[in-house]
Amino acid sequence: MQDNNSNHIIVEDQPLEIAGKNFTNRFLLGTGKFKNKQEIADSIRSSGTQIVTVALRRIDLEQSSESILPYIPKDVIILTNTSGARTAQEAVRIARLAKESGCGNWVKIEVINDSKYLLPDNHETIKATEILASEGFVVLPYIIPDLYTARALVKAGAATIMPLASLIGSNQGLKAKEFIKILIEEIDIPIIVDAGIGAPSQAAETMEMGADAVLVNTAVATSADPALAAKAFSLAIKAGRLAYLSRLPKQKDIADASSPLTGFLFEAS
Amino acid sequence: MITQTEINDILNDKSPESVEALANAARQMTEQYFGRTISLYAPLYLSNYCSSQCTYCGFTSHNRINRIKLTSDQMHKEMSYIANTGIENILLLTGESPQSTPLSYLKEAVTIAKQYFPSISLEIYPMETEEYKELYFAGVDGVTIYQETYDKTRYKEVHIAGKKSDYDYRLSTPQRIAEAGIRHISLGILLGLSDVAYDLCALYSHLKKMENTFPGVEYSLSYPRLRKIKGQDFAICDIDDITFIKIICLTRTLFPRVGINLSTRENPLLRDHAISLGITKMSAGSTTCVGGYNLPISAAQDPQFDVEDTRSVREVVNMLKSKNYDPVLTDWRRIENQIS
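Going down the list, the sequences are from chains R and W.
The opening position of the first sequence corresponds to residue 1 in the working numbering, with each subsequent residue numbered one higher.
The opening position of the second sequence corresponds to residue 1 in the working numbering, with each subsequent residue numbered one higher.
Honestly, the hints are just simulated from the structure, not real lab data.
Cβ coordinates follow ideal geometry from the N, Cα and C atoms, glycine included.
Honestly, I wouldn't trust all of these hints.
As the list claims (entries may be wrong) - What follows is a set of in silico ranges between Cβ atoms, one per label pair, in the way DEER data are often shown: (1) R:K252 with W:T253: 39 to 45 Å; (2) W:A25 with R:R45: 32 to 38 Å; (3) R:S201 with W:E6: 36 to 42 Å; (4) W:A161 with R:N171: 49 to 55 Å; (5) R:V76 with W:A21: 53 to 59 Å; (6) W:T253 with R:E12: 49 to 55 Å; (7) W:M1 with R:R45: 44 to 50 Å; (8) R:L167 with W:D240: 32 to 38 Å; (9) W:I65 with R:R45: 38 to 44 Å; (10) W:I2 with R:P249: 36 to 42 Å; (11) W:A25 with R:K175: 31 to 37 Å; (12) R:L147 with W:T253: 36 to 42 Å; (13) R:S134 with W:I242: 42 to 48 Å; (14) W:S205 with R:N171: 28 to 34 Å.
Said to hold, decoys possible - Below, a list of computed lysine-lysine pairs in the DSS-like style, where the Cα atoms sit at most 25 Å apart: (15) R:K177 with R:K238; (16) R:K37 with W:K69; (17) W:K69 with W:K14; (18) R:K250 with R:K175; (19) R:K37 with R:K127; (20) W:K163 with W:K152; (21) R:K181 with R:K238; (22) R:K35 with W:K323; (23) W:K114 with R:K99; (24) R:K155 with R:K127; (25) R:K177 with R:K252; (26) W:K321 with R:K37; (27) R:K116 with R:K99; (28) R:K99 with R:K177; (29) R:K21 with R:K238; (30) R:K35 with R:K155; (31) W:K152 with R:K116; (32) W:K208 with R:K116; (33) W:K228 with W:K156; (34) W:K114 with W:K163; (35) R:K35 with W:K321.
Could you build all of it, start to finish, from the sequences and the hints given here?
Structural data, given as structure tokens:
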């Protein structure tokens with residue numbers, strides 16, 4: 001729908017809802033690998049992100065000049081991740097520590113027991129989600145996209161599912177597209193695609209197919225101008241969302257013939 | 001996996017073009033996998049007692065040097081001094097003397113270190129799995145163990161006596177560390193001790209085998225260059241700066257996610273340039289004397305090796321910032337290590 005005399009498009013979109021909170025921006029920013037804290041602050045501002053992930057292991061609680069916390073605006077949700085956890089039990093201990101340290105009860109569960117590929121361990125992630133959700137945490141588990149795992153996580157009380165698009169830090173884009181599509185189709189809680197998204201075009205593609213949000217870290221943090229890159233991702237995610245809502249026509253492998261196969265049925269005899 | 005001949009060819013080509021090409025690849029991969037970040041740590045020598053005879057080391061048992069080990073009171077003083085510099089990751093070192101620095105002594109040191117540092121690593125003599133487990137439960141996150149050289153004949157020549165002369169026991173140590181549940185293992189070779197291509201090739205296979213068997217462990221590699229001690233040269237080959245930088249870059253391109261450490265035995269100029277080529281972790285503000293940070297006992301001592309980069313932690317932090325790197329001091333939050 002369009003205003004009478006302007007280019008403003010009024011889109012009827014629901015905000016993204018996670019654990020009773022509404023988010024109008026569907027871009028989540030990871031804070032690892034940045035060369036300084038100011039670039040994190042600039043990227044938050046330029047992108048308008050409302051949720052940032054921070055590894056508990058990197059939070060300097062003594063609020064020294066090196067701490068990341070003063071660089072994150074108060075109205076932005078800090079999603080603490082359990083980086084370094086190799087098992088469900090370690091993830092649970094890190095999450096509890098985060099809460100005790102005043103980092104809130106939003107936690108992204110990352111259980112990784114492979115230092116070469118950094119693939120999450122779905123089985124351990126389910127176990128950690130069960131425990132933490134029952135303790136009142138808002139749990140956003142990071143997984144290899146798999147329908148059985150996602151269903152078990154819903155049952156365990158996860159707030160969202162965060163499937164990886166490809167190997168973390170690889171910038172390879174939507175390699176797991178077909179499996180993420182299944183999650184989007186079958187799972188009723190938000191799907192936030194995380195890891196491997198290396199370009200705004202890939203983020204847009206992810207949103208076009210119906211993902212609820214996208215998290216980006218490496219591609220922003222290691223670009224020459226992180227704040228500009230963050231903004232580009234944020235815009236691409238908005239564009240992808242609009243495209244999804246517009247219900248774009250499907251791609252076709254062949255040209256649309258002008259004389260349809262069933263044309264004869266309607267020809268005047 | 002890369003062969004010894006291939007490594008030799010790469011290291012022998014010292015044309016500026018080949019060095020620059022390798023450096024470019026290494027820098028691109030380091031930035032992709034680690035960002036522009038460098039973790040900082042400091043070593044703390046607890047004791048220089050040693051029952052091994054390693055011909056190239058200042059602590060070797062037949063050297064008549066002042067032998068001391070820190071008391072718990074002295075540990076507090078040294079650790080409190082280091083913690084005040086901003087360091088949060090401590091590497092506790094001893095000579096190879098289970099008699100003078102037994103497991104109980106090490107556990108005490110770890111218990112004290114927990115009061116000052118979120119992350120504790122050890123560089124000590126090889127142990128049994130059960131002993132490593134005790135240290136893990138006491139709060140140890142990482143263990144460093146260098147094979148020094150993988151050339152067995154050369155190994156025997158330079159490790160004359162003591163437990164360290166047992167090549168096979170040392171070689172199987174990383175496996176025992178991993179079995180105990182320790183998170184980080186640092187492997188390394190002493191450059192100059194033996195044929196470098198042979199040693200690198202063997203180190204890479206060792207790492208690869210460890211990665212396959214214990215994929216959950218975070219690995220890092222170190223390449224200390226053999227130094228002269230009191231004018232005496234123990235190196236059989238000189239590892240010049242070009243070769244050294246190529247080794248770092250080659251390692252990065254072969255193992256994109258593995259950490260690479262750089263100690264203060266390298267000079268500031270080289271250290272400042274190496275950070276963008278694959279290094280992920282540096283020591284800073286270091287001393288290699290027992291009690292060398294803040295105790296008068298260090299005065300009459302010989303260090304294990306001479307520190308070439310004498311800058312303070314603050315100076316290294318500022319150098320990193322000026323080069324647009326994030327100095328990472330906080331990189332771990334202690335969770336009680338348990339049986340998982």
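Results of checking the hints against the structure:
A beta carbon spacing of about 43 Å between R:K252 and W:T253 agrees with the range 39 to 45 Å that was offered as a hint. For the hinted restraint 32 to 38 Å between W:A25 and R:R45, the CB-CB distance of approximately 34 Å keeps it satisfied. Hint check: R:S201 to W:E6, Cβ distance near 38 Å, so the stated range 36 to 42 Å holds. Distance hint check: the CB atoms of W:A161 and R:N171 are about 53 Å apart, consistent with the given range 49 to 55 Å.
Taking 53 to 59 Å as the suggested C-beta distance range, the pair R:V76 and W:A21 does not conform, at roughly 42 Å. A C-beta distance of roughly 51 Å is found between W:T253 and R:E12, which places it inside the suggested range of 49 to 55 Å. For the pair W:M1 and R:R45, the supplied restraint of 44 to 50 Å holds, since their beta-carbon distance comes to about 47 Å. For R:L167 paired with W:D240, a C-beta distance near 36 Å keeps the hint of 32 to 38 Å intact.
W:I65 and R:R45 have their C-beta atoms about 58 Å apart, which leaves the hinted 38 to 44 Å range violated. At roughly 50 Å, the beta carbons of W:I2 and R:P249 sit outside the given window of 36 to 42 Å. Between W:A25 and R:K175, the C-beta spacing of about 23 Å breaks the proposed range 31 to 37 Å. About 37 Å separates the C-beta atoms of R:L147 and W:T253, a value consistent with the hinted range of 36 to 42 Å.
Here the CB-CB span from R:S134 to W:I242 is close to 58 Å, at odds with the stated 42 to 48 Å. At about 29 Å, the CB distance of W:S205 to R:N171 agrees with the hint of 28 to 34 Å. A C-alpha spacing of about 19 Å is found between R:K177 and R:K238, which places the hinted pair at or below 25 Å, so the restraint holds. Simply put, R:K37 and W:K69 have alpha-carbon atoms about 41 Å apart, too far for the 25 Å limit, and the pair is violated.
A hinted pair counts as satisfied when its Cα atoms are at most 25 Å apart, and W:K69 with W:K14 does not qualify at roughly 44 Å. The suggested pairing of R:K250 with R:K175 holds, with an alpha-carbon distance near 20 Å, which does not exceed 25 Å. Taking the CA atoms of R:K37 and R:K127, the gap is near 34 Å; set against the 25 Å cutoff, the hint is violated. For the given pair, W:K163 sits about 15 Å from W:K152 by alpha-carbon distance, which is consistent with the 25 Å threshold.
A threshold of 25 Å between alpha carbons decides the hint, and for R:K181 with R:K238 the separation of about 19 Å falls inside it, so the pair holds. Under the criterion of a C-alpha separation no larger than 25 Å, the hint pairing R:K35 with W:K323 is consistent with the structure, at around 9 Å. For the hint linking W:K114 to R:K99, the alpha-carbon distance of about 21 Å falls within 25 Å, and the restraint holds. At roughly 11 Å between alpha-carbon atoms, R:K155 and R:K127 fall within 25 Å of each other, so this suggested pair holds.
Distance check on the hinted pair: R:K177 and R:K252 sit about 18 Å apart at the alpha-carbon level, within 25 Å; holds. Restraint check for W:K321 and R:K37: the C-alpha separation of about 11 Å stays at or below 25 Å, so the hint holds. Among the hinted pairs, R:K116 with R:K99 is inconsistent with the structure: their alpha-carbon atoms are about 29 Å apart, more than 25 Å. Between R:K99 and R:K177 the CA atoms are separated by roughly 34 Å; this puts the pair beyond 25 Å, and the hint is violated.
Distance check on the hinted pair: R:K21 and R:K238 sit about 19 Å apart at the alpha-carbon level, within 25 Å; holds. A hinted pair counts as satisfied when its Cα atoms are at most 25 Å apart, and R:K35 with R:K155 does not qualify at roughly 39 Å. A threshold of 25 Å between alpha carbons decides the hint, and for W:K152 with R:K116 the separation of about 29 Å lies outside it, so the pair is violated. For the given pair, W:K208 sits about 10 Å from R:K116 by alpha-carbon distance, which is consistent with the 25 Å threshold.
Note on W:K228 and W:K156: the hinted pairing holds, with a Cα-Cα distance of about 20 Å set against a maximum of 25 Å. A threshold of 25 Å between alpha carbons decides the hint, and for W:K114 with W:K163 the separation of about 29 Å lies outside it, so the pair is violated. With a CA separation close to 8 Å, the supplied pair R:K35 and W:K321 stays within the 25 Å bound.
Checked against the numbered hints above, the structure breaks hints 5, 9, 10, 11, 13, 16, 17, 19, 27, 28, 30, 31 and 34 and satisfies the rest.
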